[in-house]
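What follows is each chain in one-letter form.
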Amino acid sequence: MDELKVVAFIVALVGGAVGAAAVMTWFERRMLGIWQDRLGPNRIGPFGIVLVAADMLKLLGKHDWIPPFADRPVFVLAPTAIVIAMMLGFAVVPFAPDLVVIDMNVGLLFFLAMTSLAVYSVLLGGLASNNKYALLGGLRSAAQMVSYEVFMGLSLMGVVMLAGSFSLPTIVEAQSQLWFAITQPLGLFVFIIAGLAESHRLPFDLPEAEHELTAGFHTEYGGMKFAMFMLGEYLGLMLISCMITTLFLGGWLGPVLPPIVWFFLKTFVVILFFILLRAAIPRPRYDQLMSLGWKVMLPITLINLMLTGAIALWQSGGMP
Amino acid sequence: MNSIASVATSPKLHPKPDAIAGFVRVGQLGADGVPTLWIDAADIPSVMTTLKTDYALLHDLFVIDERLRQHREGQPASDFTVVYHLMSFRLNADVRLKVALVGDNPSVPSICSIWPSANWYEREAWDMFGVVFAGHPNLRRILLPPTWQGHALRKEHPARATEMEPYSIDQDRLDYEQEALRFIPEEWGMQRRNDDTEFMFLNLGPNHPSVHGVFRIALQLDGEVVVDAVPDIGYHHRGAEKMAERQSWHSFIPYTDRIDYLGGVMNNLAYVQAVEQMAGITVPPRAQMIRVMLAELFRISSHLVFYGTFAQDVGQMSPVFYMFADRERLFGIIEAITGGRMHPAWFRIGGVAQDLPRGWDTLVRDFIDSMPKRLHDWDRMAMRNSILKRRTQGIGRCTLDEAIDWGITGPSLRACGLDWDLRKKRPYSGYEQFEFDVPTATGGDCYDRAVVRVEEIWQSLKIIRQCVDNMPEGPYKSDHSLAVPPVKDRTMQDIDTLINHFLSVSWGPVMPAGEGCFPIEATKGQNAYHVISDGGTMSYRTRIRTPSFPHLQTIPLLSRGLMVPDLIAIIASIDFVMADVDR
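Protein chains in written order, with this note's numbering: chain A, 1146 to 1465; chain B, 34 to 616.
Please note: incorrect hints may appear among the correct ones.
Stated by the list, open to error - Taking CB as the label site, the calculated pair distances span:
| hint | chain 1 | residue 1 | chain 2 | residue 2 | range |
| --- | --- | --- | --- | --- | --- |
| 1 | B | H409 | A | V1441 | 27 to 33 Å |
| 2 | B | T180 | A | L1421 | 50 to 56 Å |
| 3 | B | K406 | A | G1206 | 45 to 51 Å |
Stated by the list, open to error - Just some of the chain A residues that point at chain B, by a computed CB distance under 8 Å:
| hint | residue |
| --- | --- |
| 4 | W1180 |
| 5 | D1182 |
| 6 | R1183 |
| 7 | K1203 |
| 8 | S1261 |
| 9 | T1359 |
| 10 | P1427 |
Bear in mind the hints are in silico, worked out from the structure with no lab data behind them. Note that the structure is a prediction, hence the values are computed from the model and not measured. Backbone N, C-alpha and C define an ideal beta-carbon position, used for all residues, glycine too.
Taking the hints into account, I'd like the entire structure generated from these sequences.
Below is the structure:
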């Protein structure tokens, strides 16, 4: 691709991702409505989809308030961190063969690094608010992220071993015979859990935990700054779904339909699954989440890693 | 023993406790058949200690301002009478103790050391009447703001805004009120720090998604661990007891709906039965069964709200919508029958407001036929969910002895293992004709409190089905002259009927002097209205004993040492309504 094309693709990607995140807010409420025996937003435009625009207008029109007791610069900057980090994460996602902003040979590590950076947003937002509920939210997110970060990375190492590369297009190509979802079921399971925890959505929304901490880390946020957190959360959800598609569901691979359609189709199903999880599962307690992470998830990941390593070694004939 | 009321349709006579015979100054019998024993203030601690072995539950503690009461035949002289209503599970009997206090600064020994639940009751009595409970650890206002002037339920305190100066506030007053709101941990009985920790104080409420109304808890936290939790109530106080003294016997009925606002006509039932008992009005069988059916429909409605919010408060998003959809269908039926939804105010003294509409049985039958499948689904979704179990099992546990000591009744008491249900133990309104079980559990934790309530929905469905199958024919209201106006067709022919008709419609009925209370098994526990008539068109004193008030007092007991999310689960499992606490 020449440079102009790359720039055009980046612009399209940023616009597309932000637009998709906005539509997601509507789509999620609509799906929850259907599953929960009620209508959901259905008034503005066909199926209520113009609600997205109405929501954005509303948030733009809100008073841009900064509480006098907050740490001003950090309070303002915190919401941007999550959006920037998540957007950067999209740079390595291969939507189709050759349709990737940058094919790094450490693409997977770059993705992990970016999602880790997003934690700072929640943590600093919670601290800078100088509000006790926000503080508890920030505290929870720090603990949650630190422990789930560990095996999020480890859960993907099986995939890396089988594909023999950290480059995402290479990983997709390696699934042309069999999806890694089949060969790495434990890895997929752990990655889904960790991904949920990373994007702090309902079963793992402890930093936010409406029923306990009112709104957790973003209690003091309103207007566009609140919208940034929301945008970041939905971008995170989409990014995790894209990564699940790429790493475990064969990415763009599929018969008949063009590759990009396959990619979006698979991602869409994963997103739907995440929304369904939100509708169905209660929230564990913070210490239960921790012990699940360290006592269940980490051992599973390590066992998976050892098994995969042994099998890979055996297949390559390295075993004596 | 001299009766203080024309004894009603032979209420069950409760045995007189002999153990305290030496202390009794005067013995009487209430309209409810409960022995009413006058005791000297100084004897209260020893009498209570003696009685507690048999009468384990402090059912109610309240004060009567006697200064304007005319019909006090046979009662000792008193300005303020402190009333203790005790209940025995073993004997299935009640006893009422009264202490006569004279003068403007009445005082009586506190019984907090005997019953921990007396703490809030005594504070309320101090708040409303200025009765000092000597030895009380924390005798501060509880329902009214700390800056309130006077004692609101005393007869000289104005009941209406028009009796007072127009409200205004100047800067000094404003500063004073603001200062009174400042949170000082020491005043709440909490330390700022101990040897190695500085505690965080978190203000949970009065507006918080999980406090179910306007309710505040001051939390002392070490990290997320609750060191202490002090409930602060009164934000929903509307003076229902005071209003009762300014409303005719009938026109107070709509106020009762709004006490436990999820219980609807269940509140009417407690009130009208107390009045009927006092006036000796018998209710025809059809009216009784209509009442039972409506009350059970509301029990289901209230428990569905509990079920949904319980799951919601442990973070499960969907159940509440399904349960509210069911409740909506229930409201459709209630609306078809009564015309109202949450607050139908549909029961009347002596019966109900109208007969059942045509086709009511199809509506009710469709509903009860549809519920089992849905309840099974909800069970699979919520109660059997392992995360929900892990969040609630073993959390907020209280033993049976603790529960009784703290005045817990209803499903929460049954969750501790005692099969005490007034519908079975003291059948009223024809409950003895129905076949149903009293579900119990043994753990006394959050999960068990939910299990009992869910099982009660099943039992209520069973009762309602029996109502539909066996609804008797006949009148839907009593023909007692205090309950209904005289027959209309003779009003134009004879003047006596016309006068009576005019009086009972424009003033309302004049109830004979007397007093009594009628505990019923309401949605959240035992609800009782202690009504006192001084032979007027309005009540002289109406005391509303609600289950949520003592239940809320147990929050510190249940939550100490647990985490904030556990506290939320405990709050959800208690199933309270703030209007039921504050009245």
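Original post:
Do the numbers back the hint for A:S1261, that is, is its least Cβ distance to chain B under 8 Å?
Top reply: The hint is violated - A:S1261 has no Cβ within 8 Å of chain B, the shortest such distance being about 24 Å.
**OP:** Report holds or violated for the interface hint on A:K1203, using the least CB-CB distance to chain B and a cut-off of 8 Å.
**Re:** 21 Å, violated
Original post:
At the C-beta level, are B:H409 and A:V1441 separated by a distance inside 27 to 33 Å?
Top reply: 30 Å, holds
Original post:
Does the CB of A:R1183 sit less than 8 Å away from some CB of chain B?
Top reply: Holds, about 6 Å.
Original post:
Between B:K406 and A:G1206, is the Cβ distance one that fits in 45 to 51 Å?
Top reply: 46 Å, holds
Subject >> Hint check for A:L1421 and B:T180 - Cβ pair distance inside 50 to 56 Å >> reply: 52 Å, holds
Original post:
Under the criterion of a CB-CB separation shorter than 8 Å, is A:P1427 in contact with chain B as hinted?
Top reply: 4 Å, holds
Original post:
With a cut-off of 8 Å, does the beta carbon of A:W1180 approach a beta carbon of chain B closely enough for the hint to hold?
Top reply: Since the shortest Cβ distance to chain B is 7 Å, the answer is holds.
**OP:** Report holds or violated for the interface hint on A:D1182, using the least CB-CB distance to chain B and a cut-off of 8 Å.
**Re:** OK, holds: A:D1182 within 8 Å of chain B, min 5 Å.
**OP:** Mind checking the CB of A:T1359 against every CB in chain B and telling me if the closest is under 8 Å?
**Re:** Result: holds, 6 Å to nearest chain B Cβ.
In this structure, the earlier hints numbered 7 and 8 are contradicted, and the remaining ones agree with it.
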